[in-house]
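**Q** Listed below, chain by chain, are the residues.
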Amino acid sequence: MPKIFIVIPAYNEAESISQVIRGLRKEGYTNVVVVDDCSSDNTAETARKAGAAVLEHVINRGQGAALQTGTDYALEKGADIIVHFDADGQHDPKEIKDMMDPIKKGKVDVTLGSRFLRKGSNVPLLKRVVLKIGVIFTFFYSGILLTDTHNGFRALSSKAAGRIQINQDRMEHASEIIDQIKKKGIRYKEVPVTIRYTKYSRQKGQSALNSIKIAARLIWTKFLR
Amino acid sequence: MVSLLQVIVIVFVLFAITRVFFRYQDKMINTFELVFWSLIWIAVAVVLFVPTITEPIARLFNVGRGIDIAVYFSIVLLFYLVFRLYVKLDTMNNELTKVVRKEAVKKRK
Chain A
94 MPKIFIVIPA YNEAESISQV IRGLRKEGYT NVVVVDDCSS DNTAETARKA GAAVLEHVIN
154 RGQGAALQTG TDYALEKGAD IIVHFDADGQ HDPKEIKDMM DPIKKGKVDV TLGSRFLRKG
214 SNVPLLKRVV LKIGVIFTFF YSGILLTDTH NGFRALSSKA AGRIQINQDR MEHASEIIDQ
274 IKKKGIRYKE VPVTIRYTKY SRQKGQSALN SIKIAARLIW TKFLR
Chain B
2 MVSLLQVIVI VFVLFAITRV FFRYQDKMIN TFELVFWSLI WIAVAVVLFV PTITEPIARL
62 FNVGRGIDIA VYFSIVLLFY LVFRLYVKLD TMNNELTKVV RKEAVKKRK
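These protein sequences, in sequence, are chains A and B. Plus 93 on top of the position in the first sequence (first one is 1) and you've got our numbering. Plus 1 on top of the position in the second sequence (first one is 1) and you've got our numbering.
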């Protein structure tokens with residue numbers, strides 16, 4: 094049995110985090126790592142009570158930084174497969190199996206969740222437009238054409254997780270991971286997933302305006318690094 | 002005749018040079034930086050009192066007035082310094098994250 098670690102970056106998610114953790118444990122995932130990115134609510138405590146291993150950032154460093162912290166920890170604990178999972182209840186723990194399958198079979202080293210591969214996806218119109226712009230942007234930025242570039246649902250073999258180093262602390266990490274997959278020639282595959290759009294998750298998600306800021310920052314850093 | 006502008010600028014230049022010198026005393030900057038910044042401020046003072054001194058340089062670069070060359074030069078320098086600052090800030094941010102990460106993982110063990 095491969096050792097599976099679920100890594101959840103969380104910032105002010107006290108409302109949803111315990112339900113997410115319970116959902117994961119119900120599916121048999123006992124190694125749940127929550128990285129609390131210096132929340133002002135009691136995310137860390139709630140997550141701990143729900144049975145997760147909680148790592149705490151003493152100051153807020155962003156989602157990308159939190160993901161890397163959780164990934165480092167999981168690798169240290171001897172994880173074979175690391176799954177990136179959202180804290181807001183958007184992802185379905187039942188689908189982790191589908192995400193890990195191609196990795197377990199040794200076909201690929203990374204799977205990326207895509208909400209557009211599944212027929213009849215319920216993505217709201219504005220979100221759909223913004224995400225598709227993100228897809229085109231990523232194609233020009235990294236040269237990889239995916240159907241859904243900004244999905245937080247990923248699974249990585251320990252080998253791939255060790256090779257990908259997230260340097261973009263904030264939201265730009267989604268594009269950065271794809272960029273590194275391309276540059277390092279890591280085998281990847283998109284896997285259809287469902288995203289649950291609730292009032293809560295939509296409120297916590299990225300706004301269209303913020304996406305522009307993220308793109309601008311990516312272009313800027315591409316210049317400098 | 003000394004103009005009001007010249008008085009204000011020279012007071013500021015003197016202030017800036019003392020700052021540079023104090024930073025050097027505190028070992029916040031090295032000798033190269035001390036010389037670099039002192040020269041910059043001295044150049045500002047010289048140009049202020051002898052504006053014609055920039056004219057040969059202006060002619061060399063085919064720029065009409067001496068003061069223009071000083072402005073162009075300042076803008077280029079400023080851009081360069083902002084760029085350096087940005088890179089430094091970026092590096093510092095990354096290092097800060099590393100510290101926060103290490104601390105988070107260490108505490109959990």
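Accuracy of the hints is not assured; some may be wrong.
With a straight-line cut-off of 27 Å between C-alpha atoms, the simulated DSS-like cross-links for lysine-lysine are [stated by the list, open to error]:
1) A:K212 <-> A:K170
2) B:K28 <-> A:K96
3) A:K252 <-> B:K107
4) B:K99 <-> A:K96
5) B:K28 <-> A:K275
6) A:K252 <-> B:K89
No lab work stands behind these hints: they were computed from the structure.
**Q** With reference to the structure, classify each hint as holding or not holding.
**A** Now the hints, each set against the structure:
| no. | hint | in the structure |
| --- | --- | --- |
| 1 | A:K212 <-> A:K170 | 38 Å, violated |
| 2 | B:K28 <-> A:K96 | 51 Å, violated |
| 3 | A:K252 <-> B:K107 | 23 Å, holds |
| 4 | B:K99 <-> A:K96 | 26 Å, holds |
| 5 | B:K28 <-> A:K275 | 45 Å, violated |
| 6 | A:K252 <-> B:K89 | 31 Å, violated |
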